[in-house]
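So in the working numbering, spot 185 of the sequence shown is number 185, and the numbers just go up one at a time.
A portion of the hints provided could be inaccurate.
[Unchecked claim] With a straight-line cut-off of 30 Å between C-alpha atoms, the simulated DSSO-like cross-links for lysine-lysine are:
(1) 107 with 12
(2) 73 with 188
(3) 86 with 48
(4) 14 with 107
(5) 12 with 86
(6) 12 with 43
(7) 107 with 188
(8) 14 with 43
(9) 12 with 73
(10) 107 with 48
(11) 188 with 43
(12) 12 with 188
(13) 73 with 48
(14) 73 with 14
(15) 14 with 188
(16) 73 with 43
(17) 86 with 73
(18) 86 with 188
(19) 107 with 73
Everything labelled a hint here was simulated from the structure, so no lab data went into it.
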Amino acid sequence: MDKINCDFSPLKIKIVEGIHSIMADLQDSLLVLGSENNCLLGKLEDIKSNFLNIESAAATFYLNCYLSAFTDKFEDLSAAIQNLSKNRYGALIVVERTDSLENFIQKGMMVGAPLTSVLLETIFYPGNPLHDGAVLIRANQIVSASNVLPLTQAVIIEKKLGTRHRAALGLSELTDALVLVVSEETGKVSFALNGRLYPISNLQTTH
């Protein structure tokens, strides 16, 4: 991933505490393994669950870092994502970074409006003619909506990944864009960057 410089203390503290907790649990597991009267499987299941929670928190931390470097409207974007997730409204949001995306997306409808949470939520409201495509964000502006992204050509092991996730991966494989996805089925949020997909926990602002 890119070199970053940011400090969101609450998230950092959560990640550090989680790592220490897992380390302690792993140490305890060694003791359990040495006892014939105890089964290790339940302990390992707990460790796996804790690890997934830490991974999600870490992804959220790094997402905050990446977004804050390319848009001053992160809080609006965060609020929109949280509300879309809560209501299970599917969404696909492209944040342009240093690479121009002109030759990689099929342009939809021009918007040319300031980035606000209300406008983003309105665009992805079910039934809105613009909701079934990707929104393109450049700096603090919503450039366009209903854009079509290239689908990933990689072999997807996870069969549950839908078109939005495949499109997010596809664009991130070709450019340095960061692509946010909200699942319509589960409400879960993830982001694609450099050809990889990262699940995130509830977005938290920087203060």
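Given the hinted pair residue 86 and residue 48, is their alpha-carbon gap at most 30 Å? holds, 25 Å
- Task: Please work out if residue 107 and residue 73 have their alpha carbons no farther apart than 30 Å.
- Result: Holds, at roughly 23 Å.
For the pair supplied as a hint, residue 12 and residue 86, confirm whether the alpha-carbon distance does not exceed 30 Å.
-> holds, 25 Å
Between the alpha carbons of residue 73 and residue 188, is the straight-line distance 30 Å or under? Holds - the C-alpha atoms of residue 188 and residue 73 are around 22 Å apart, at most 30 Å.
* Asked: Between residue 73 and residue 14, does the CA-CA distance stay at or below 30 Å?
  -> Holds. Residue 73 to residue 14 sits at ~24 Å (cutoff 30 Å).
(request) Sort out whether residue 48 lies within 30 Å of residue 73, counting only the CA atoms. (result) Given pair residue 73, residue 48 is violated - Cα atoms ~35 Å apart, limit 30 Å.
Query raised in the report: Is the straight-line distance between the alpha-carbon of residue 188 and that of residue 43 30 Å or less?
Result: Holds, because 26 Å separates the two Cα atoms, which is no more than 30 Å.
### Query
Does the structure keep residue 14 and residue 107 at a Cα separation of 30 Å or less?
Given that 30 Å is the threshold and the Cα spacing comes to 40 Å, the pair is violated.
- Query: Within a Cα-Cα threshold of 30 Å, do residue 12 and residue 73 meet the stated pairing?
  - Reply: Roughly 22 Å between the alpha carbons, so the hint for residue 12 and residue 73 holds.
Exercise for the section: Assess, step by step, whether the Cα of residue 12 is no farther than 30 Å from the Cα of residue 43, and give holds or violated. Expected result: holds, 25 Å
Can the restraint linking residue 12 and residue 188 be considered satisfied, given a maximum Cα separation of 30 Å?
The hint holds at about 22 Å.
- [ ] Mind checking the alpha carbons of residue 107 and residue 12 for me, to see if they're no more than 30 Å apart?
- [x] Violated - the C-alpha atoms of residue 12 and residue 107 are around 38 Å apart, more than 30 Å.
In summary, the numbered hints that this structure violates are 1, 4, 10, 13 and 16.
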